[in-house]
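Novice: Now for the letters of each chain:
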Amino acid sequence: MTAYLVRRLVGTIPVFLLITLLVFLLLHAAPGDPASLLLSDNTSGADVAEARQRWGLDRPVYIQYLKFFTAAVTGDLGKSFRFAQPVSDLIAARLPATIELAAFSILIAITLAVPLGVWAGAKPNSWMDNLGTSFGLFGISMPNFWLGIMLILLFAGNFHILPSAGRSTYGVAGSRETGFYLLESMLQGNWTAVKDALLHMAMPALALGANMIGILMRVTRSAVLEVMHEEYVVTARAKGMAEQQVLWRHVLSNALIPIVTVVGLELGTLLSGSIIVETVFAWPGMGSLLIMGVTSRDYPLVMGLVMMYTAAFVTINLVIDALYGFIDPRIRY
Amino acid sequence: MDLSTRESATSPAGAPAPAQRAGLAWLRPWMRVKVYVGGLIVLLLVVVGTGAPVLAPHDPNAQQLRATLQAPQWLGGAHFLGTDNLGRDVLSRIIYGARVSLLVAFAVVTISGFVGVTLGAVSGYFGGKVDFVIQKLVEVMWAFPPLLLAITILAFLGQGLFNLILALVAQRWIQYCRVVRGQALSLKTRDFVTATRALGASDGIIIRRHILPNLMQISMVIGTFAMASAIISEASLSFLGLGVPPQIPTWGTMLADGRIYISTAWWLALFPGLCIFLTVLGINLLGDALRDILDPRLKRTGAGM
Chain A
713 MTAYLVRRLV GTIPVFLLIT LLVFLLLHAA PGDPASLLLS DNTSGADVAE
763 ARQRWGLDRP VYIQYLKFFT AAVTGDLGKS FRFAQPVSDL IAARLPATIE
813 LAAFSILIAI TLAVPLGVWA GAKPNSWMDN LGTSFGLFGI SMPNFWLGIM
863 LILLFAGNFH ILPSAGRSTY GVAGSRETGF YLLESMLQGN WTAVKDALLH
913 MAMPALALGA NMIGILMRVT RSAVLEVMHE EYVVTARAKG MAEQQVLWRH
963 VLSNALIPIV TVVGLELGTL LSGSIIVETV FAWPGMGSLL IMGVTSRDYP
1013 LVMGLVMMYT AAFVTINLVI DALYGFIDPR IRY
Chain B
1272 MDLSTRESAT SPAGAPAPAQ RAGLAWLRPW MRVKVYVGGL IVLLLVVVGT
1322 GAPVLAPHDP NAQQLRATLQ APQWLGGAHF LGTDNLGRDV LSRIIYGARV
1372 SLLVAFAVVT ISGFVGVTLG AVSGYFGGKV DFVIQKLVEV MWAFPPLLLA
1422 ITILAFLGQG LFNLILALVA QRWIQYCRVV RGQALSLKTR DFVTATRALG
1472 ASDGIIIRRH ILPNLMQISM VIGTFAMASA IISEASLSFL GLGVPPQIPT
1522 WGTMLADGRI YISTAWWLAL FPGLCIFLTV LGINLLGDAL RDILDPRLKR
1572 TGAGM
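For the protein sequence lines, the chains are A and B, in the order given. Start counting the first sequence at 713; every next residue gets the next number (this note's numbering). Start counting the second sequence at 1272; every next residue gets the next number (this note's numbering).
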């Protein structure tokens, strides 16, 4: 197990290397010289030449790449043009907001989708199944940014019960040292701040989680359907075990592998979905920062964020692989 | 030699889908509903998309600054679904928007299908170094969260129809490649391939005439779901302002504009989004049915979802 994980970890290194190379090459494939892209339009020729030298753009491409890479692995992602701050600082300040939103979305998705899927799978072709399946299909087909806008229209515009943007009401929250507003408020027992954070998170988390709810529900359903006729389930019933206990103890625990796989796969979709949902709800996370960087052509910022996202995604996949061994003791590496 | 092998051997051009042979009557009622509803929506998209210049009541870019932000007038006025902040007819823009969605989705699915199936078949058939290189490429592309790669490409290359299609193809071919590679791996050991090789056929002929036709059905199923995801991705990128140039009306850009006027003009955000949702729903319905008809085995792998 440990040996397998180490092997996987080592295996991700070349992948990550190639990613940095790809992102680096994209910057060079951009129309025009990076120096003229990185400077404003009204700089003189001499300034551009000076900048080329300062940024090392007059050196061969492979040297530029190696320099960029060695800086990146030591955590130096360069300086943002727009914010004139180190990119790593900017990302660190925004990371907790994205993590908190994504975690809350996953929580909502799992608590809604798994029971729905189990009920639907336990009684195939019942009204419960048809309702659940249609619900799942709706979730899959829903563009998350539209759902977000519609939620704003309904709950912020019409009923005025939920805030439409941001993470907290001005002046509500106490200390925010870590950036995890919800977690920090909970640990401090500041329930006004907890409620405020939850209210702000409700709509973005639902918009972000909708696709996952749909997919997770469908996968749970088909996994349960498959396990339902296994012999140990029949045995459990024959022993006189209550149906609910059979479902949750025997069926669900054996249906977990495909469910966990899908949660892992969908985390990538969730990450990219958060880029859009954060923009819709003005959520101060990495996603809205990325879009700001893209629209203002802040290349160091964009590159830093892209590498951050891919690193997160690769790590998630690694963790999911490790989880298999815990869920199903039969799996050996 | 089992039955399926003999079938593949006798009809290398790909057996006709069961649906064509027996009509739809044998399908379960719920599945038939899926086919009809999904088919109707997709047909509507194709008709509206191709016939946009005839069907649209107004020029989608004609501004009427005296008639801005008019609420939907339904059948009672000139602007069925109202007008936007520049007085442009919402219905006409939606009709022209269907065109972009259709064009981008079709181009993305065809190109990524071609690239993915070819690379997948080559990778699975030849194995060895070729396989290693292609699979490393797959691994790298796969390490990007979906859509992030497209955003990155568009961020550096700039917006435009061609770049948009390129950005969407960049990751979508992988799905084809992975499934097709697995299939090709098992196909190449089948008796009919061995027999063809014994007859002296070259690798190129075996791939083109005997491997690829057997991969068509599975590729069609992947393609349907890829189409749904391409439409959502195109709308997402346009919504973020990274897709096609702003003068071309698309559902995504309409939503982005509509979001600004959300408190005063609900119709600007409602209708384009509804179109995206219904289109994707229709394609997914059709994809579900197609998957069950063509390849029930795929159901478990969750390909395309």
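Wrong hints could be hidden among the right ones.
Claimed, not checked - If you anchor each label on the Cβ, the simulated ranges turn out as follows:
1) F793(A) x G1431(B): 32 to 42 Å
2) L1030(A) x T1381(B): 50 to 60 Å
3) G1453(B) x S965(A): 27 to 37 Å
4) A1469(B) x A741(A): 45 to 55 Å
5) L1314(B) x L866(A): 42 to 52 Å
Said to hold, decoys possible - Just a sample of chain A residues kept apart from chain B, beta carbon distances all over 10 Å, derived:
6) L730
7) V735
8) S756
9) F781
10) A805
11) F850
12) T904
13) D908
14) Q956
15) L1002
16) V1014
17) I1032
As the list claims (entries may be wrong) - Examples of chain B residues lying across from chain A (beta carbon under 7 Å, computed):
18) L1314
19) E1410
20) V1411
21) A1414
22) L1418
23) T1423
24) A1426
25) G1431
26) N1434
27) A1506
28) R1530
29) Y1532
30) W1537
31) W1538
32) A1540
33) F1548
Calculated from the structure, these hints are not laboratory results. Only a predicted model underlies this, so the values are computations on that prediction, with no experimental measurement involved. The C-beta atom is built at its ideal place from N, Cα and C for all residues, glycine as well.
Novice: A separate judgement is required for each hint: does it hold in the structure or not?
Specialist: Each hint, compared with the structure:
1. For F793(A) paired with G1431(B), a C-beta distance near 23 Å fails the hint of 32 to 42 Å.
2. In this structure, L1030(A) and T1381(B) break the distance hint of 50 to 60 Å, their C-beta atoms being roughly 34 Å apart.
3. For the pair G1453(B) and S965(A), the beta carbons lie near 29 Å from each other, so the given range of 27 to 37 Å is met.
4. A hinted range of 45 to 55 Å for the beta carbons of A1469(B) and A741(A) is consistent with their spacing of about 47 Å.
5. Restraint check, L1314(B) to L866(A): a C-beta distance of roughly 31 Å breaks the suggested window 42 to 52 Å.
6. At roughly 5 Å from the closest C-beta of chain B, the C-beta of L730(A) falls inside 10 Å, breaking its exclusion from the interface.
7. The Cβ of V735(A) sits about 7 Å from the closest Cβ of chain B, inside the 10 Å cut-off, so the non-interface label is violated.
8. Its beta-carbon lying about 24 Å from the closest one in chain B, S756(A) satisfies the requirement of being farther than 10 Å from that chain.
9. With a cut of 10 Å on Cβ distances, F781(A) stays outside the contact zone with chain B, its closest approach being about 15 Å.
10. Listed as outside the interface, A805(A) is consistent with that label: its C-beta sits roughly 20 Å from the nearest C-beta of chain B, beyond the 10 Å cut-off.
11. Remark: the non-interface label on F850(A) conflicts with the geometry, its nearest Cβ contact in chain B lying 7 Å away (cut-off 10 Å).
12. At roughly 27 Å from the closest C-beta of chain B, the C-beta of T904(A) stays outside 10 Å, upholding its exclusion from the interface.
13. At the 10 Å boundary, the C-beta of D908(A) stays outside the reach of chain B, the nearest C-beta of that chain being 22 Å off.
14. For Q956(A), the non-interface assignment is confirmed: its Cβ lies about 26 Å from the closest Cβ of chain B, beyond the 10 Å cut-off.
15. Some Cβ of chain B comes within 10 Å of the Cβ of L1002(A); the nearest lies about 7 Å off, and the non-interface call is violated.
16. In this structure V1014(A) is not separated from chain B by more than 10 Å, as the shortest Cβ-Cβ distance comes to only about 5 Å.
17. Once the 10 Å rule is applied to beta carbons, I1032(A) is consistent with being away from chain B; the minimum gap is 14 Å.
18. With a least beta-carbon distance of about 17 Å to chain A, the hint placing L1314(B) at the interface is violated under the 7 Å criterion.
19. Nearest Cβ of chain A to the Cβ of E1410(B): about 5 Å, under the 7 Å cut. The hint holds.
20. Look at V1411(B): its Cβ gets to within about 5 Å of chain A, closer than 7 Å, so that hint holds up.
21. Using the Cβ-Cβ criterion of 7 Å, the hint placing A1414(B) at the interface with chain A is satisfied: the shortest such distance is roughly 5 Å.
22. For L1418(B), the interface hint holds, the least distance from its beta-carbon to any beta-carbon of chain A being 4 Å, beneath 7 Å.
23. Because the closest C-beta pair between T1423(B) and chain A is about 5 Å apart, less than 7 Å, the hint holds.
24. Interface restraint check for A1426(B): the shortest CB-CB distance to chain A comes to about 4 Å, inside 7 Å, so the restraint holds.
25. Interface restraint check: G1431(B) against chain A, minimum CB-CB distance 11 Å, threshold 7 Å, status violated.
26. A hinted interface residue such as N1434(B) counts as satisfied when its beta carbon comes closer than 7 Å to some beta carbon of chain A; here the least separation is about 10 Å, so the hint is violated.
27. About 6 Å separates the beta-carbon of A1506(B) from the nearest beta-carbon of chain A, less than 7 Å, and the hint is met.
28. At about 6 Å, the closest approach between the beta carbon of R1530(B) and any beta carbon in chain A falls short of 7 Å, and the interface hint on this residue holds.
29. Given the 7 Å rule on beta carbons, the hint for Y1532(B) is violated: about 11 Å separates it from the nearest Cβ of chain A.
30. A least Cβ separation of about 6 Å between W1537(B) and chain A falls short of the 7 Å threshold, and the interface hint therefore holds.
31. For W1538(B), the suggested interface contact is broken, since its CB lies about 11 Å from the closest CB of chain A, more than 7 Å.
32. At its closest, the beta carbon of A1540(B) sits 5 Å from a beta carbon of chain A; the interface hint therefore holds under the 7 Å criterion.
33. At its closest, the beta carbon of F1548(B) sits 6 Å from a beta carbon of chain A; the interface hint therefore holds under the 7 Å criterion.
Violation of the numbered hints given earlier is confined to hints 1, 2, 5, 6, 7, 11, 15, 16, 18, 25, 26, 29 and 31; the remaining hints are satisfied by the structure.
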